[in-house]
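Q: In case you want the letters, here they are:
4 protein chains.
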Amino acid sequence: MPIRTVVWNENVHERENADIRALYPDGIHGAIAAALSADPALSVSTATLEQPEHGLPQSRLDETDVLIWWGHKAHGSVSDEIAARVQRRVAEGMGLIVLHSGHFSKIFKLLMGSPCSLRWREAGEKERVWVINPSHPIARGLGPCIELPNGEMYGEPFLVPEPLETVFISWFEGGEVFRSGLTYRRGAGNVFYFSPGHETYPIYHHPDIHTVLRNAVHWAYNPAPAWKDVHAAPNVPVEQAREKITVKGFSVHKPGEAGYR
Amino acid sequence: MPIRTVVWNENVHERENADIRALYPDGIHGAIAAALSADPALSVSTATLEQPEHGLPQSRLDETDVLIWWGHKAHGSVSDEIAARVQRRVAEGMGLIVLHSGHFSKIFKLLMGSPCSLRWREAGEKERVWVINPSHPIARGLGPCIELPNGEMYGEPFLVPEPLETVFISWFEGGEVFRSGLTYRRGAGNVFYFSPGHETYPIYHHPDIHTVLRNAVHWAYNPAPAWKDVHAAPNVPVEQAREKITVKGFSVHKPGEAGYR
Amino acid sequence: MPIRTVVWNENVHERENADIRALYPDGIHGAIAAALSADPALSVSTATLEQPEHGLPQSRLDETDVLIWWGHKAHGSVSDEIAARVQRRVAEGMGLIVLHSGHFSKIFKLLMGSPCSLRWREAGEKERVWVINPSHPIARGLGPCIELPNGEMYGEPFLVPEPLETVFISWFEGGEVFRSGLTYRRGAGNVFYFSPGHETYPIYHHPDIHTVLRNAVHWAYNPAPAWKDVHAAPNVPVEQAREKITVKGFSVHKPGEAGYR
Amino acid sequence: MPIRTVVWNENVHERENADIRALYPDGIHGAIAAALSADPALSVSTATLEQPEHGLPQSRLDETDVLIWWGHKAHGSVSDEIAARVQRRVAEGMGLIVLHSGHFSKIFKLLMGSPCSLRWREAGEKERVWVINPSHPIARGLGPCIELPNGEMYGEPFLVPEPLETVFISWFEGGEVFRSGLTYRRGAGNVFYFSPGHETYPIYHHPDIHTVLRNAVHWAYNPAPAWKDVHAAPNVPVEQAREKITVKGFSVHKPGEAGYR
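Which chain is which? The protein sequence lines are A, B, C and D, in order. Note that the working numbering gives residue 58 to position 30 of the first sequence, counting from 1, and the numbers run on in steps of one. Note that the working numbering gives residue 119 to position 91 of the second sequence, counting from 1, and the numbers run on in steps of one. Note that the working numbering gives residue 270 to position 242 of the third sequence, counting from 1, and the numbers run on in steps of one. Note that the working numbering gives residue 256 to position 228 of the fourth sequence, counting from 1, and the numbers run on in steps of one.
One thing to keep in mind: the hints can contain errors.
No copy labels: a pair is met if it fits in one copy or bridges any two.
[Stated by the list, open to error] 27 Å max Cα-Cα, derived BS3-like pairs, lysine-lysine:
(1) 282 <-> 272
(2) 272 <-> 256
(3) 256 <-> 276
(4) 256 <-> 154
(5) 154 <-> 276
No lab work stands behind these hints, which were simulated from the structure alone.
Assemble the whole structure, with the sequences as input and the hints as a guide.
A: As structure tokens, then:
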């Protein structure tokens with residue numbers, strides 16, 4: 029069964045700005061979806077902010093294996109409820125790939141628990157994305173680095189938790205560096221942040237970027253069934269303890285009572 | 029200057045339940061504060077849920093180096109605003125020590141970004157807290173393990189991100205194990221989760237637990253001045269780039285404009 | 029193409045001790061190889077200490093994707109040269125699964141760089157292997173824990189580096205805990221340590237242990253071609269720098285000279 | 029009591045090359061020792077390759093809290109026995125700071141267990157060392173980056189294990205990036221690798237580099253007494269088990285017998 033992949037985009041710049049629309053006539057989501065569709069192991073669709081429930085009703089998320097997130101100008105327009113819904117689905121096992129300015133999306137900040145802040149400059153300067161972990165599955169098929177003639181500078185410090193692994197680090201013409209590919213796990217869900225991808229440059233038309241995105245979908249995919257009660261904190265009754273024990277001391281909980289939360 | 033330490037407690041069980049009050053006549057916060065006060069390098073005070081702003085107005089948090097958090101029955105009564113305020117202050121550099129049932133507190137869930145769920149049993153069974161990283165500063169002065177005659181069982185899987193380091197793992201009489209001491213960094217703030225500490229047992233009167241708590245305050249303390257703009261994403265203008273560059277391509281941001289968030 | 033898997037065993041206990049031979053008439057390597065062979069995606073063979081070059085000539089290692097290592101009594105009989113050869117091959121991308129008493133094997137100590145010491149007791153006590161990271165590929169298909177009626181106790185502290193991820197933690201009847209499943213990466217090679225497996229108990233006949241071993245082979249497998257020059261430190265000549273630079277300062281190296289090592 | 033710090037240097041370039049001697053008339057070790065001596069909390073001495081036992085007899089290592097290592101041309105002249113001795117002392121709790129070309133030293137390779145390879149270019153190009161973890165104690169007192177007018181390029185991939193934390197990442201004029209500050213723990217010993225420091229540039233005269241080195245000594249210092257038996261794997265006899273158990277099954281070890289290694 030193919031990996032059910034949804035590419036989410038706020039889709040605002042493309043509608044407001046003719047230059048960006050010229051670069052991405054089908055939207056950034058369209059460009060990414062086309063790139064992913066070249067992989068027959070993926071079943072790809074898109075969703076955008078302006079759709080009902082931002083295109084992410086619970087029923088659809090339940091049938092999504094990996095979600096890709098691109099947002100920038102309209103982070104504040106994403107409903108808190110839907111951001112929390114995505115977070116829950118990640119905990120159950122949905123993979124999530126957060127791109128570029130998505131570092132400040134509600135969903136990424138919820139998952140990281142840290143400021144997710146950085147430094148930036150929009151000057152179309154050269155960006156060189158170095159593969160620092162060539163054996164990571166996300167880097168498969170790449171050369172030593174990806175050369176982007178134009179990138180938005182994102183600079184350290186990047187206020188995210190120490191990752192499981194650092195896959196990419198970017199060099200910028202103006203003098204900065206940035207950890208541009210980082211992996212995390214949250215509950216049963218694999219999370220990958222990948223920073224290249226500004227809306228005013230054709231980054232999502234670059235074949236190496238396509239390779240990274242396809243690899244990342246495969247890496248983020250968790251084939252286990254959704255872990256529906258990952259948020260539950262079940263009581264293990266004394267009589268079901270794996271070792272025979274007898275109750276000692278007193279208690280605030282009545283037998284069978286749910287825990288506090 | 030001493031480390032300004034605030035012990036926060038919801039202080040509900042102690043008022044509602046005479047048995048718990050008998051164990052902790054000054055409240056769990058009082059017991060912990062007394063234990064910490066034995067260390068002359070610490071300046072210790074307490075705060076509780078029922079106080080205005082839960083005892084945590086911004087002005088007080090700004091003068092707090094390390095906050096200790098005990099909550100259980102009343103997680104839902106903590107205001108979202110104050111939980112977010114504590115999260116911001118952690119990002120600026122305040123240390124945070126989350127105890128026991130605080131695994132389901134708003135502040136811990138905000139910082140972890142994951143379910144923070146676990147299994148549990150309140151049977152007063154024996155708990156043995158093994159020091160698995162004896163060289164970690166939080167384990168200083170301890171023997172190979174801490175023997176607790178009565179503990180609430182917390183069992184794996186514990187749905188938290190992979191920690192920086194695992195310091196303690198607990199063995200339970202009923203057959204479970206639990207990672208009982210875990211370290212994290214969020215922004216400039218050090219975070220330590222320590223699971224022993226149920227309200228119906230005298231755990232906070234145990235000298236080894238006192239040692240852990242004192243060590244943890246020292247470990248969590250970040251002597252750097254508060255990082256007030258840790259959430260900011262400052263633009264680095266082209267003319268201030270460390271390498272001379274000229275703008276290429278087009279732009280969605282006007283010069284000097286703030287980024288989107 | 030199937031994953032070429034070699035099960036290595038020192039094969040001493042089975043020959044010296046009739047009780048162990050009765051448990052493992054085909055040797056521990058034979059039992060493991062039989063279990064792995066149930067997976068059609070694996071192509072399994074065995075190697076033992078007494079063979080020429082311990083059954084691990086360079087040509088065979090070059091055609092091995094994943095190596096499984098069981099050793100105990102004869103760690104000292106493994107040649108330093110062959111241990112170093114295996115270490116080099118791991119760096120190039122061969123997966124390595126180190127079992128039980130292999131914690132003190134030359135190859136594991138070489139890869140960890142730390143003492144790899146632990147506490148132990150051979151009393152046939154109950155061991156319960158808890159899955160603490162149920163979403164990790166190595167835990168796929170398991171329930172909450174593996175119950176072993178008899179295990180050799182291995183106790184913390186276990187002197188290994190902090191792992192990429194902790195997958196399993198064991199509970200022992202005698203009161204100890206142990207991190208029984210740990211992942212690492214060394215160069216291009218994935219390394220998994222799994223502690224259950226004492227020679228005097230039928231642990232390698234347990235279906236859940238078979239599941240772990242099969243999963244671990246799949247996890248450890250790196251499909252990339254061997255990284256033959258992973259140990260090289262190539263000079264990048266000035267004229268091949270990705271940015272045009274001119275030499276400044278003086279030099280200890282002549283142009284084209286190899287670096288020191 | 030001050031932190032007993034030993035600065036070790038192979039001290040070959042300074043004797044063979046007049047230009048280097050002019051930069052470091054007291055040797056690289058002398059320059060570093062002078063910088064550290066500005067901190068009254070440190071008690072600093074030096075050791076060099078040509079001394080008996082490379083200046084590192086066991087008795088001296090036993091009284092060393094933190095060792096700093098600079099080597100390049102003469103890695104092969106360091107005796108295997110002394111490298112192993114240093115590795116053992118690190119496991120017991122001695123801090124170790126490995127500088128620059130020390131990435132290929134015997135001691136660093138022993139501790140990492142991985143190739144420790146990288147790319148390099150000696151062109152005196154500009155290096156900018158970015159502080160990516162400003163809250164780490166090793167970065168205390170630094171600005172956003174350290175500007176080095178001339179550095180030897182070290183480029184990724186750098187074949188070391190994923191660190192506990194990445195503290196610095198360097199930008200190079202010629203287009204590369206490098207993780208220039210990485211922390212590890214091996215046994216009871218804290219290990220820091222810091223890449224700036226080529227012998228043909230005055231890097232060890234830079235005040236920010238002095239700050240890093242002083243901070244690193246404080247960070248690496250483990251105040252606990254030396255863990256003398258960190259390599260031991262003690263048997264825990266059945267009668268001393270913390271839970272009462274009786275022996276089941278058969279055994280390969282006689283009571284009281286040492287384990288195999």
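Q: Are the hints correct? Go through all of them and say.
A: Evaluated hints:
1. 282 <-> 272: This pair counts as within: shortest intra-copy Cα distance 20 Å, inter-copy 31 Å.
2. 272 <-> 256: neither (29 Å within a copy, 39 Å between copies)
3. 256 <-> 276: For residue 256 and residue 276, the Cα distance exceeds 27 Å both inside one copy (33 Å) and across copies (40 Å).
4. 256 <-> 154: neither (44 Å within a copy, 31 Å between copies)
5. 154 <-> 276: So residue 154 and residue 276 pass the 27 Å test across copies only (9 Å; inside, 67 Å).
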